[in-house]
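There are 2 protein chains.
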Amino acid sequence: MLPDPTVIAENLIDTINKHEGKIHAFTQYNPEQIRRDAAYLSAGPLAGMSVGVKDIVETEAYFTEYGSGIYKNNQSRADAACVTLLKQAGALVAGKTVTTEFAFFQPGPTVNPYDTTRTPGGSSSGSAAAVACGMVDIGIASQTAASLTRPASYCGIVGFKPSYARYNAAGVKYLAPSFDALGVVTRDVTSAIKADNVLKGPKSASVELPLQKPKRIGFCKTPWWSQGDADMHQALQSAADLFGQHTSLDEVDLADFEEGADLHLTIMSYEAAQSLAWEYTAKREQISPQIAALIKAGQAITRQDYEEALAKAQNLRQKADILFETYDVILAPAAPGVAPLLEEGTGSPLFSRLWTLLYLPSLTLPGMVNKAGLPIGVQFLGRYGADEALLSYGLWAEQILPDRPLCSG
Amino acid sequence: MLPDPTVIAENLIDTINKHEGKIHAFTQYNPEQIRRDAAYLSAGPLAGMSVGVKDIVETEAYFTEYGSGIYKNNQSRADAACVTLLKQAGALVAGKTVTTEFAFFQPGPTVNPYDTTRTPGGSSSGSAAAVACGMVDIGIASQTAASLTRPASYCGIVGFKPSYARYNAAGVKYLAPSFDALGVVTRDVTSAIKADNVLKGPKSASVELPLQKPKRIGFCKTPWWSQGDADMHQALQSAADLFGQHTSLDEVDLADFEEGADLHLTIMSYEAAQSLAWEYTAKREQISPQIAALIKAGQAITRQDYEEALAKAQNLRQKADILFETYDVILAPAAPGVAPLLEEGTGSPLFSRLWTLLYLPSLTLPGMVNKAGLPIGVQFLGRYGADEALLSYGLWAEQILPDRPLCSG
Chain D
1 MLPDPTVIAE
11 NLIDTINKHE
21 GKIHAFTQYN
31 PEQIRRDAAY
41 LSAGPLAGMS
51 VGVKDIVETE
61 AYFTEYGSGI
71 YKNNQSRADA
81 ACVTLLKQAG
91 ALVAGKTVTT
101 EFAFFQPGPT
111 VNPYDTTRTP
121 GGSSSGSAAA
131 VACGMVDIGI
141 ASQTAASLTR
151 PASYCGIVGF
161 KPSYARYNAA
171 GVKYLAPSFD
181 ALGVVTRDVT
191 SAIKADNVLK
201 GPKSASVELP
211 LQKPKRIGFC
221 KTPWWSQGDA
231 DMHQALQSAA
241 DLFGQHTSLD
251 EVDLADFEEG
261 ADLHLTIMSY
271 EAAQSLAWEY
281 TAKREQISPQ
291 IAALIKAGQA
301 ITRQDYEEAL
311 AKAQNLRQKA
321 DILFETYDVI
331 LAPAAPGVAP
341 LLEEGTGSPL
351 FSRLWTLLYL
361 PSLTLPGMVN
371 KAGLPIGVQF
381 LGRYGADEAL
391 LSYGLWAEQI
401 LPDRPLCSG
Chain X
1 MLPDPTVIAE
11 NLIDTINKHE
21 GKIHAFTQYN
31 PEQIRRDAAY
41 LSAGPLAGMS
51 VGVKDIVETE
61 AYFTEYGSGI
71 YKNNQSRADA
81 ACVTLLKQAG
91 ALVAGKTVTT
101 EFAFFQPGPT
111 VNPYDTTRTP
121 GGSSSGSAAA
131 VACGMVDIGI
141 ASQTAASLTR
151 PASYCGIVGF
161 KPSYARYNAA
171 GVKYLAPSFD
181 ALGVVTRDVT
191 SAIKADNVLK
201 GPKSASVELP
211 LQKPKRIGFC
221 KTPWWSQGDA
231 DMHQALQSAA
241 DLFGQHTSLD
251 EVDLADFEEG
261 ADLHLTIMSY
271 EAAQSLAWEY
281 TAKREQISPQ
291 IAALIKAGQA
301 ITRQDYEEAL
311 AKAQNLRQKA
321 DILFETYDVI
331 LAPAAPGVAP
341 LLEEGTGSPL
351 FSRLWTLLYL
361 PSLTLPGMVN
371 KAGLPIGVQF
381 LGRYGADEAL
391 LSYGLWAEQI
401 LPDRPLCSG
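Which chain is which? The protein sequence lines are D and X, in order.
All residue numbers for the first sequence refer to UniProt numbering, where the first residue is 1 and numbers rise by one.
All residue numbers for the second sequence refer to UniProt numbering, where the first residue is 1 and numbers rise by one.
Quick caveat, the hints were computed from the structure, so don't treat them as lab data.
Computed from a predicted structure; not experimentally measured.
Honestly, I wouldn't trust all of these hints.
The list makes no distinction among identical chains, and a pair is therefore deemed to hold if it is satisfied within one copy or across any two copies.
When the alpha-carbon atoms are kept at most 27 angstroms apart in a straight line, the in silico DSSO-like pairs for lysine-lysine are as follows [said to hold, decoys possible]: (1) 312 x 283; (2) 319 x 215; (3) 296 x 18; (4) 203 x 312; (5) 213 x 283; (6) 296 x 221; (7) 296 x 203; (8) 319 x 221; (9) 296 x 22; (10) 283 x 203; (11) 371 x 203; (12) 213 x 371; (13) 203 x 22; (14) 18 x 215.
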């Protein structure tokens with residue numbers, strides 16, 4: 001049954017008004033637009049759930065600015081496919097959420113709801129922060145390197161980056177099309193399942209996934225373990241210990257995947273130099289030094305090196321697939337530690353590069369914290385294409401992990 | 001050395017003015033814009049070559065309307081990546097060329113330069129017609145089913161649809177992202193090579209490909225041969241005979257690939273229902289019956305059927321790759337016959353569905369005609385990822401095939 005649209009709209013507006021002055025999760029939101037949309041809410045599987053739309057995704061009712069002054073007041077005529085699907089299913093769009101510039105590193109104004117001196121992570125900064133303090137139920141997010149997993153980890157929420165190309169990205173700005181993937185951030189796995197069910201197809205029959213215990217978990221510290229800090233090491237080891245009390249868990253060494261992080265960087269840089277060719281050529285004075293450096297790096301890569309990286313990536317994907325004959329899920333770090341201070345940037349993508357390269361579905365799960373109570377996510381990786389299974393394992397893991405601290409906002 | 005920009009601009013404007021009133025290849029072109037752009041022409045590998053941009057590709061200087069009234073006067077802020085790369089390399093944009101509605105079936109006003117009572121083919125109608133009568137040197141085109149190969153065949157020009165995802169599609173409208181591929185139409189293979197060299201990367205070092213004779217050609221009549229007409233049968237057999245006089249050629253039976261055409265239709269319909277969700281939902285009264293039917297068909301496909309089709313497609317791709325251990329190129333029909341009359345639509349995509357599904361690079365070559373002198377292209381398919389080799393074989397084939405009739409325009 002459809003909840004009262006007026007109540008939904010006013011609750012949403014109140015919650016945003018309560019937090020937004022401090023968090024700065026939105027680039028735009030408009031109470032009148034929310035009320036208008038609420039009046040037409042449909043009784044679908046997401047009826048009444050609120051959505052924040054990362055501002056690299058086109059919308060009819062709001063500007064789409066990509067975190068860049070080049071696109072100030074840039075108005076699209078249409079809603080992106082993902083926005084249309086969510087609205088059709090009964091979701092209510094709250095507004096556009098802050099992205100770093102072109103979903104890369106240059107941060108926007110959003111702060112971390114757990115500690116406003118810290119970054120929410122990037123690039124899906126606003127969606128993650130808005131979900132963490134309860135402003136929206138679903139944040140549309142995206143990932144080219146670690147742009148979903150990292151903010152989910154830093155903000156103590158669930159992040160679901162599905163298998164590559166699972167969601168249609170029509171109306172979403174390109175960064176590196178070999179990796180660009182839409183996903184969602186939510187407060188629990190059930191909400192991610194609901195959103196997934198809608199985003200994965202034109203039809204949105206309601207499907208409930210069963211909680212499922214993975215038979216065997218591979219705990220992968222990754223070749224970059226030593227580049228994580230003590231907080232992360234302890235959080236991951238504690239999570240592994242917890243899971244290991246309930247199912248089979250052993251360490252898996254992926255030393256022969258180490259090259260994956262560099263391959264990811266090569267492919268991403270090469271493709272970004274194409275995707276942002278216009279901005280770099282016609283609007284150079286308005287792009288950040290980070291974007292300029294990315295494009296210059298991409299332009300320095302030869303086509304041959306790029307194609308070799310693509311071929312090696314494809315080989316690694318085949319090797320990864322075999323791994324899942326042994327393990328139902330891989331447990332791995334989601335980020336090097338807790339959210340860095342704002343002045344230090346949006347954090348390192350290192351711990352996601354390999355998984356993004358491999359196209360694997362990734363589920364970041366909250367619950368672990370450091371001594372100061374700051375969240376550190378843990379990451380579950382599933383087999384390519386087996387997104388439902390990963391989400392089912394996520395329901396199980398959610399029961400095992402500690403109750404997460406409520407965010408004061 | 002850079003040719004005189006004024007001469008280039010005025011020649012281009014004169015040629016367009018000579019043909020456009022009859023051919024209707026452009027949705028917009030603006031002599032003042034052409035003169036302005038010419039003044040800033042850079043001395044790159046495409047210096048002075050003129051380009052028509054299919055109107056599903058965003059441009060800063062012209063509206064982008066996707067062949068649909070929904071997007072009348074729709075203004076993008078940026079040039080698409082492909083447009084920027086071509087301009088950087090010294091090409092001069094002539095204007096936007098007619099596309100069918102959303103690159104599907106509903107035709108625009110363009111007619112075939114060889115017979116104005118006939119279709120130029122779709123969806124890259126304007127780019128193909130503009131190239132055929134010499135209005136532009138390079139037409140940006142795209143293909144999701146047969147939208148590049150078919151118009152190239154009907155208009156008696158070269159069509160190069162590269163391996164899937166070879167060119168960055170940032171700023172290009174989605175139809176079915178599993179297949180959507182940018183490509184080019186030109187009057188000769190050398191021009192396609194020049195354009196390819198620029199579009200494939202952020203850097204555009206000038207590379208010359210050698211003419212190369214394929215050691216062995218597989219002539220594939222395809223499982224749909226009987227759905228082609230006598231004109232096509234004769235053109236293909238004649239081309240095969242010609243090639244066979246110079247190299248090894250034998251028939252290859254791909255009966256076990258027949259399912260590919262249906263798999264293509266399943267995947268395309270499912271994804272189109274997502275890509276065009278906003279247009280179908282918010283602007284239903286402004287879409288054609290063909291688009292509405294496509295989306296309804298896509299909505300009727302289950303996620304399970306879609307995923308099974310994706311998996312089967314992947315298997316066929318692996319089988320196709322093995323084929324190229326025996327054959328350097330596959331020779332196949334490009335379309336069922338010559339261009340149909342305008343009232344019959346833009347022609348059937350049947351003869352390209354399989355190859356598009358397989359991600360293979362495709363080169364359509366002119367030279368064959370029916371008794372009335374209307375062009376019928378022949379199609380060369382290369383190994384996935386081996387685009388340069390295919391273009392090299394194309395240089396060879398171009399020498400073997402009859403001189404094409406000049407288009408009166």
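So, going through the hints one by one against the coordinates:
Proximity of residue 312 to residue 283 under the C-alpha cut-off of 27 angstroms is found in neither arrangement, the shortest distances being 34 angstroms within a copy and 44 angstroms between copies. For the identical chains of this complex, residue 319 and residue 215 are intra-copy neighbours only, at 20 angstroms inside a copy versus 34 angstroms across copies, given an alpha-carbon limit of 27 angstroms. Neither within a single protomer nor between protomers do residue 296 and residue 18 lie at most 27 angstroms apart by alpha-carbon distance, with minima of 42 angstroms and 43 angstroms respectively. For the identical chains of this complex, residue 203 and residue 312 are inter-copy neighbours only, at 22 angstroms across copies versus 36 angstroms inside a copy, given an alpha-carbon limit of 27 angstroms.
When the C-alpha separation of residue 213 and residue 283 is checked against a cutoff of 27 angstroms, the pair qualifies neither within a copy, at 52 angstroms, nor between copies, at 45 angstroms. For the identical chains of this complex, residue 296 and residue 221 are neighbours neither inside a copy (32 angstroms) nor across copies (47 angstroms), given an alpha-carbon limit of 27 angstroms. Proximity of residue 296 to residue 203 under the C-alpha cut-off of 27 angstroms is restricted to the inter-copy arrangement: shortest distance 10 angstroms between copies versus 42 angstroms within a copy. Within a single copy, residue 319 and residue 221 get their C-alpha atoms as close as 18 angstroms, which meets the 27 angstroms cut-off; across copies the closest is 37 angstroms, which misses it.
In this assembly of identical chains, residue 296 and residue 22 lie within 27 angstroms of each other by CA distance neither inside one copy nor across copies; the values are 36 angstroms within and 45 angstroms between. Taking the closest pair of Cα atoms, residue 283 and residue 203 come within 27 angstroms of each other only across two copies (19 angstroms); inside a single copy the shortest separation is 41 angstroms, beyond that limit. For the identical chains of this complex, residue 371 and residue 203 are neighbours neither inside a copy (45 angstroms) nor across copies (49 angstroms), given an alpha-carbon limit of 27 angstroms. Within a single copy, residue 213 and residue 371 get their C-alpha atoms no closer than 29 angstroms, and across copies no closer than 70 angstroms, so neither meets the 27 angstroms cut-off.
For the identical chains of this complex, residue 203 and residue 22 are neighbours neither inside a copy (38 angstroms) nor across copies (44 angstroms), given an alpha-carbon limit of 27 angstroms. Within a single copy, residue 18 and residue 215 get their C-alpha atoms no closer than 44 angstroms, and across copies no closer than 72 angstroms, so neither meets the 27 angstroms cut-off.
The structure fails to meet hints 1, 3, 5, 6, 9, 11, 12, 13, 14 from the earlier list, while all remaining hints are met.
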